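K.L.:
Residues per chain are reported as follows:
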Amino acid sequence: MSGTSYDVIIIGSGPGGYVTAIRAAQLGLKTAIVEREHLGGICLNWGCIPTKALLRSAEILDHANHAKSYGLKLEGKMTADVKDVVARSRGVSARLNGGVAFLMKKNKIDVIWGEAKLTKPGEISVGKSTKPVVEPQNPVPKGVKGEGTYTAKHVIVATGARPRALPGIEPDGKLIWTYFEAMKPDVMPKSLVVMGSGAIGIEFASFYRSMGAEVTVVEVMPQVMPVEDAEISAFARKQLEKRGLKILTEAKVAKVEKGANSVTAHVETKDGKVEKITADRLISAVGVQGNIEGLGLEALGVKTDRGCIVIDGYGKTNVPGIYAIGDVAGPPMLAHKAEHEGVICIEKIAGVPGVHPMEKGRIPGCTYCNPQVASVGLTEAKAKEQGRDIRVGRYSFAANGKAIALGEDQGLIKTIFDKKTGELIGAHMVGAEVTELIQGFVVAMNLETTEEELMHTIFPHPTLSEMMKESVLDAYGRVLNA
Amino acid sequence: MPIKILMPALSPTMEEGNLARWLVKEGDTVSSGDVIAEIETDKATMEVEAVDEGKVGKILVAEGTEGVKVNEVIALLLEEGEDASSLDGAAKADAAPAEAEAPAKSEAPAKSEASAKSEPSTPAAAEPAAPAKAPPAPAGDKGERIFASPLARRLAAQDGLDLAAISGSGPHGRIVKRDVDEALKSGTGRKGADAPKAAAADKPAAAEAPKAAAPSGMADSQVLKLFEEGSYEVVPHDNMRKTIAKRLTESKQTVPHFYLTVDCELDALLALRAQLNDAAPKDKDGKPAYKLSVNDMVIKAHALALKAVPAANASWTDGGMLVHKHADVGVAVAIEGGLITPIIRRADEKTLSAISNEMKDLAGRARSRKLQPQEYQGGTTSVSNLGMFGIKDFAAVINPPHATILAVGAGEQRAVVKNGALAIATVMSVTLSTDHRAVDGALGAELMSAFRQLIENPMSMLV
Chain R
1 MSGTSYDVII
11 IGSGPGGYVT
21 AIRAAQLGLK
31 TAIVEREHLG
41 GICLNWGCIP
51 TKALLRSAEI
61 LDHANHAKSY
71 GLKLEGKMTA
81 DVKDVVARSR
91 GVSARLNGGV
101 AFLMKKNKID
111 VIWGEAKLTK
121 PGEISVGKST
131 KPVVEPQNPV
141 PKGVKGEGTY
151 TAKHVIVATG
161 ARPRALPGIE
171 PDGKLIWTYF
181 EAMKPDVMPK
191 SLVVMGSGAI
201 GIEFASFYRS
211 MGAEVTVVEV
221 MPQVMPVEDA
231 EISAFARKQL
241 EKRGLKILTE
251 AKVAKVEKGA
261 NSVTAHVETK
271 DGKVEKITAD
281 RLISAVGVQG
291 NIEGLGLEAL
301 GVKTDRGCIV
311 IDGYGKTNVP
321 GIYAIGDVAG
331 PPMLAHKAEH
341 EGVICIEKIA
351 GVPGVHPMEK
361 GRIPGCTYCN
371 PQVASVGLTE
381 AKAKEQGRDI
391 RVGRYSFAAN
401 GKAIALGEDQ
411 GLIKTIFDKK
421 TGELIGAHMV
431 GAEVTELIQG
441 FVVAMNLETT
451 EEELMHTIFP
461 HPTLSEMMKE
471 SVLDAYGRVL
481 NA
Chain S
1 MPIKILMPAL
11 SPTMEEGNLA
21 RWLVKEGDTV
31 SSGDVIAEIE
41 TDKATMEVEA
51 VDEGKVGKIL
61 VAEGTEGVKV
71 NEVIALLLEE
81 GEDASSLDGA
91 AKADAAPAEA
101 EAPAKSEAPA
111 KSEASAKSEP
121 STPAAAEPAA
131 PAKAPPAPAG
141 DKGERIFASP
151 LARRLAAQDG
161 LDLAAISGSG
171 PHGRIVKRDV
181 DEALKSGTGR
191 KGADAPKAAA
201 ADKPAAAEAP
211 KAAAPSGMAD
221 SQVLKLFEEG
231 SYEVVPHDNM
241 RKTIAKRLTE
251 SKQTVPHFYL
261 TVDCELDALL
271 ALRAQLNDAA
281 PKDKDGKPAY
291 KLSVNDMVIK
301 AHALALKAVP
311 AANASWTDGG
321 MLVHKHADVG
331 VAVAIEGGLI
341 TPIIRRADEK
351 TLSAISNEMK
361 DLAGRARSRK
371 LQPQEYQGGT
381 TSVSNLGMFG
391 IKDFAAVINP
401 PHATILAVGA
411 GEQRAVVKNG
421 ALAIATVMSV
431 TLSTDHRAVD
441 GALGAELMSA
451 FRQLIENPMS
461 MLV
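Chains as they are written, first to last, in our numbering: chain R, 1 to 482; chain S, 1 to 463.
Honestly, the hints are just simulated from the structure, not real lab data.
Bear in mind the structure is a predicted one, so any value in this text is a computation, not a measurement.
Mixed in with the good hints there might be a few duds.
Unchecked claim - Which residues of chain R face chain S? A partial, calculated answer using Cβ under 8 Å:
| hint | residue |
| --- | --- |
| 1 | 448 |
| 2 | 452 |
| 3 | 453 |
Claimed, not checked - With a Cα cut of at most 16 Å, we get these calculated EDC-like pairs of lysine to aspartate or glutamate:
| hint | chain 1 | residue 1 | chain 2 | residue 2 |
| --- | --- | --- | --- | --- |
| 4 | S | 177 | R | 418 |
| 5 | R | 420 | S | 181 |
| 6 | R | 420 | S | 265 |
| 7 | S | 177 | R | 359 |
Glycine is no exception: its CB is placed at the ideal position from the N, C-alpha and C atoms.
Next comes chain R alone, as it looks inside the complex (with noise of 0.2 Å):
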């Protein structure tokens, strides 16, 4: 039974799992990975690496556009040929797709293709796979495992989430989209409204717009992308709507009539108004949900809680052998807390010394809309919400050498610090590039670094991080070039 036995059975294969999979596999346990659809999940296929190459493309697009104000001139006009766009971007995605598969088998890591699903604790059932790969995509990868019955000692759900639907608007993948049907449009939408203001909702409405479409944003809370932090939440909305993108905050989509190649929604207003929209595609990204069903989860007892699994700080369920990670087990939606969580998860198996639960104050989050977004910890409004004394600082993308020569001088950097102890405790920022930068922080909050120690940093000159340090001084009244 030695082929069918393994120290470690991972279900799915996205970030979260296949990070789990090496991880495990370098601390010298057999293990197996099952995957039904596509090598490196929902991120790297549907997800943040597709839209990042898209927005790529609308990036170059909207330089071009601003051509002349670097000097420069373009006869002509340029346009985009959305089947190139669409296929670019599904080139980066098969590539990493295949860079999975080698890893795999560099690893020596069993892949096993199909449905799993938990038969008792060690023991999972492997179906046929009810998902057919979505070309471009590649093939099934060769030398994989089937159908068939295996056991693992410990087995790890990473089988991460999906679209969430709201009833009556159920995506039909023509007029309604989600993220699926909107990464690899056939037309480019003339016109669009994008329900849900999150990363994905504005991200794509970012795209679309600058893809040439109309595009209007509708968000139930009070402002765009709900997590981030008032300021610079409000800050991006009106770079957003500079741009020509309309947003509609406290609003709501009650209903969609269909039309034959177009949708209208009904949108409520805050002050209770019945606003007609008609548009050629609505996108539907108002959250995602766990893929919790068909692993017989239930019948052995794991508990869950509103579409997630409960875990321990470890990835530990309440039945001893069964482990879960990433966006199955709960929020923040995202591959890097996936990824840290399974590595946690693996190395408490495997004994490692000196492991410890997350810190979820310590996971950044990233938005790659023009302009980016990126954070880490508290926002002010949460610190103050937690009775924190607390001091904060700004520096404006206005005043940055680097920023000013890239033509990018519209951005801001906010950094929050308990007032008694100096710890970092938030730090947010909008503009661009942010998301390359926000890491400085993070291993900045990691370090445990208090104000003092980020001060005697050395910054390069010129680049944008020298705003970071900026916003350090501003938050103790040492700011330099403001």
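Since chain R is already given, all that's left is putting chain S on it; use the hints.
P.N.:
Using the frame of chain R, we list chain S on its own:
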């Protein structure tokens, strides 16, 4: 690439050990299973076996080196066809051991604050075998570097905590915010001046927080100041001493001890013992198959008493009471430089001769420090007997997670009153220390009563 021989973890909790002795030298050929070195852990000396075969290329950690971290490379083994030249790269590589090869190493926290304080983290190999370490410098606050995050340092300073007294849970034992938060909660590391105030402030919380304020005693520098230099010799602590100090301090500070003393008449037991020993079958050299001691019978009686009063065979945890199904009796054995408590497992189910012979074996190996960790870790109670020194009665410190320990005094002839008349009897006083969280007074008394019944009616131990 030469094979790295790593410092083994001889028990799940082992973080470091002393490399006591090399049994091979550079150039020796070893094959799998050969004993190559002896490692001294908290309480035992263990043998390290070679896993691979080859020639010992280089010994990187000299014998006598203390505090060698688990998974540190201690020697390099050359495979067939390799010569000394291949050592260079490997020796360099282990300055920063590749994570893939020793995944546990980089994460292994140097938990013991002792190691952080008195043993700087210089690679052990760099330190030549120096059996007599320099006496601890009467360093004040500015001793060796303490690894702590900036935030942890600031929090400790603001709350008046001594970082040296806090153990770090971060990478490589770095003290991080959560450790300071933890210390604040438990009261560890409060600086001298603040202690009384802090302790008073803690009182209301003490009931629900068993880890209440623990004054950490006098600092080394304060103690040294009281003695003239040269009027003493500093004997470095070995791991056993450190473990004894740590565990017993912890026990007295966290376990509410409660004591019960009872006198047991021994005459019947002594008579039975003599009878049993006389009847022991002898082998061809005339050596008896067993020779029972009073202590063997005490072990058995204590185990049977625990079976009769099962609620007393328990361990306290915050989450719930562990009520043990077997009576595993630890027996304190004094050995050179300290003591150790090997365990007679399921003593309630064993015959007196089995207990006696097992005890002889365990005590013998304890004295030569050859016990395996599983032979002295765990147990549900212990017995400490100082009767052979003429001690009449004493109270022992509980060895957590046990809830009880039985301190046994000498059996001696005493005047007793029987049926209204003075008589002579051999009497032994025993004192049970109980963890009052787990074993209340009446329950402990019930246990002692059962124990006395067995001792005074020893035949009942045979059925």
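K.L.:
Need the status of pair residue 177 of chain S, residue 359 of chain R: alpha-carbon distance at most 16 Å?
P.N.:
11 Å, holds
K.L.:
Min Cβ distance, residue 453 of chain R to chain S: is it shorter than 8 Å?
P.N.:
With Cβ-Cβ at 5 Å, under 8 Å, it holds.
K.L.:
Between residue 420 of chain R and residue 265 of chain S, does the CA-CA distance stay at or below 16 Å?
P.N.:
With a Cα-Cα distance of about 67 Å, the restraint between residue 420 of chain R and residue 265 of chain S is violated, given a limit of 16 Å.
K.L.:
If you draw a straight line from the CA of residue 420 of chain R to the CA of residue 181 of chain S, is it 16 Å or shorter?
P.N.:
Holds, at about 15 Å.
K.L.:
Quick one, is the residue 448 of chain R hint okay against chain S at 8 Å, beta carbons?
P.N.:
3 Å, holds
K.L.:
Next item in the hint list is residue 452 of chain R. Is there a CB on chain S closer than 8 Å to its CB?
P.N.:
7 Å, holds
K.L.:
Quick one, are residue 177 of chain S and residue 418 of chain R close enough, alpha carbons at most 16 Å?
P.N.:
13 Å, holds
Checked against the numbered hints given earlier, this structure breaks only hint 6.
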